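Going by the UniProt record's numbering, the first residue of the sequence shown is number 1, and it counts up by one from there.
Source of the hints: derived by calculation from the structure; they are not laboratory data.
Just to be clear, a hint being listed does not mean it is correct.
To be verified - Here are the in silico distance ranges between beta carbons for each label pair: (1) Ser291 to Asn325: 35 to 43 Å; (2) Lys124 to Ser291: 33 to 41 Å; (3) Pro193 to Lys326: 23 to 31 Å; (4) Leu56 to Asn222: 24 to 32 Å; (5) Pro219 to Phe44: 22 to 30 Å; (6) Asp223 to Ser291: 31 to 39 Å; (7) Leu51 to Ala308: 23 to 31 Å; (8) Pro55 to Ile322: 42 to 50 Å; (9) Glu41 to Gln279: 23 to 31 Å.
Said to hold, decoys possible - In silico BS3-like cross-links for lysine-lysine, where the CA-CA straight-line distance does not exceed 27 Å: (10) Lys326 to Lys124; (11) Lys327 to Lys124; (12) Lys124 to Lys324; (13) Lys343 to Lys204; (14) Lys343 to Lys206; (15) Lys248 to Lys206; (16) Lys303 to Lys248; (17) Lys303 to Lys317; (18) Lys63 to Lys333; (19) Lys124 to Lys204; (20) Lys317 to Lys248; (21) Lys343 to Lys317; (22) Lys333 to Lys317; (23) Lys204 to Lys248; (24) Lys63 to Lys124; (25) Lys124 to Lys333; (26) Lys317 to Lys124; (27) Lys303 to Lys333.
Since this is a predicted model, take the numbers as computed values, not measurements.
No residue lacks a Cβ here, since even glycine has one placed at the ideal position from N, Cα and C.
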Amino acid sequence: MLPVCRPRLLTCKTRHFYPLCTAQKTSYVGQRVPLASEYHENDFEWEEHALIAAPLVREQEEKAAVLRNKGLDVHKVAPGMSPDIQQVQLPAFSPEMNTATGQRCEGGHWEAFYQQHTEARFYKLRRYILLEFPALSQLSEEDHVMEIGCGCGSSILPVLAANRSVTATVTDVSTTSTEQLVHAACCMGILPPDVLVPGAATPKIKSFICDSSDPEAAPHFNDIHASHLLIMFTLSAIPPPKQLEMLKNAFRALRPGGKLLLRDHGLYDMVQLRIPAEQWLAPNLYRRGDSTLAYFFSLEDFKERAEAAGFTVEECKYVCVINKNKKTGIELKRVFMHAVCRK
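Kindly generate the complete structure, drawing on both the sequences and the hints.
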């Protein structure tokens, strides 16, 4: 992708790339990655997919219960669901279930993850972000963008590349990931090269290390006054009882009228269906092989949390995308949850 991308380039057939990096590290997130030329969100109908997927998740849950010698809780029914789907609709997570997963050891797991994958090119740039959230391609110098769970910059960097006058604040539980983000920003020309010097200030991108799901972290968010705040595949990585706290901190960080822009794993994503029962922790919650968490949201589930945090939910929908392996021809039905909320 180019350091600067305009909306008109997003529909262009020509391949545009960010430049190669000549800094000490050999690669960075987004290196030689072309701009997204189109955005898909309705490749298949979620309701039809749910008729097949819901029983599979129920079976997965039952196998996990057998493995743990536990009984299953009574399943709750989401309003507006068809009888077939209601039969196997998963219950909401309760604080009593697997409270041991609620301890905030996730920061250590994510730091280990980023240290293991030191080449930031391992992480894919979210090339579609300006198409999914068009407002991000039309920001002014009066806007300030924040990202909670920034990682190495997969989401925030395309936004800053498209809006050179915009400043940003980023936070993550991993020090290594934010270092990768700054390195990538320098390679892309968003930050000057001298920022890589130890102790150098980065006025365009301010960062701090923080567990954004911790209620005691609230003071870090009170004076940010962001116009737009991104949470991309981060809310699902923390225990459900703490997701509300992260949303509350996001609410604190926004100015009145500011927008929360969120994308995360949706209920019945193919990834969820392929997780072995041994990794099941609670309804829709799993522990990956690297010890990080993965939660899969229903729309009702997210709306309830967002409104409890004080937000007005303007958009909330499933994004259904078919990913096809060109070599094998195998198609994967991916389900994501897209939301726009206003303070």
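How the hints compare with the structure:
no., hint, in the structure
1, Ser291 to Asn325: 35 to 43 Å, "28 Å, violated"
2, Lys124 to Ser291: 33 to 41 Å, "21 Å, violated"
3, Pro193 to Lys326: 23 to 31 Å, "37 Å, violated"
4, Leu56 to Asn222: 24 to 32 Å, "44 Å, violated"
5, Pro219 to Phe44: 22 to 30 Å, "44 Å, violated"
6, Asp223 to Ser291: 31 to 39 Å, "34 Å, holds"
7, Leu51 to Ala308: 23 to 31 Å, "30 Å, holds"
8, Pro55 to Ile322: 42 to 50 Å, "21 Å, violated"
9, Glu41 to Gln279: 23 to 31 Å, "28 Å, holds"
10, Lys326 to Lys124, "18 Å, holds"
11, Lys327 to Lys124, "20 Å, holds"
12, Lys124 to Lys324, "17 Å, holds"
13, Lys343 to Lys204, "24 Å, holds"
14, Lys343 to Lys206, "22 Å, holds"
15, Lys248 to Lys206, "21 Å, holds"
16, Lys303 to Lys248, "13 Å, holds"
17, Lys303 to Lys317, "10 Å, holds"
18, Lys63 to Lys333, "23 Å, holds"
19, Lys124 to Lys204, "23 Å, holds"
20, Lys317 to Lys248, "21 Å, holds"
21, Lys343 to Lys317, "19 Å, holds"
22, Lys333 to Lys317, "16 Å, holds"
23, Lys204 to Lys248, "25 Å, holds"
24, Lys63 to Lys124, "33 Å, violated"
25, Lys124 to Lys333, "19 Å, holds"
26, Lys317 to Lys124, "23 Å, holds"
27, Lys303 to Lys333, "23 Å, holds"
The structure does not agree with the numbered hints 1, 2, 3, 4, 5, 8 and 24 stated previously, though it agrees with the rest.
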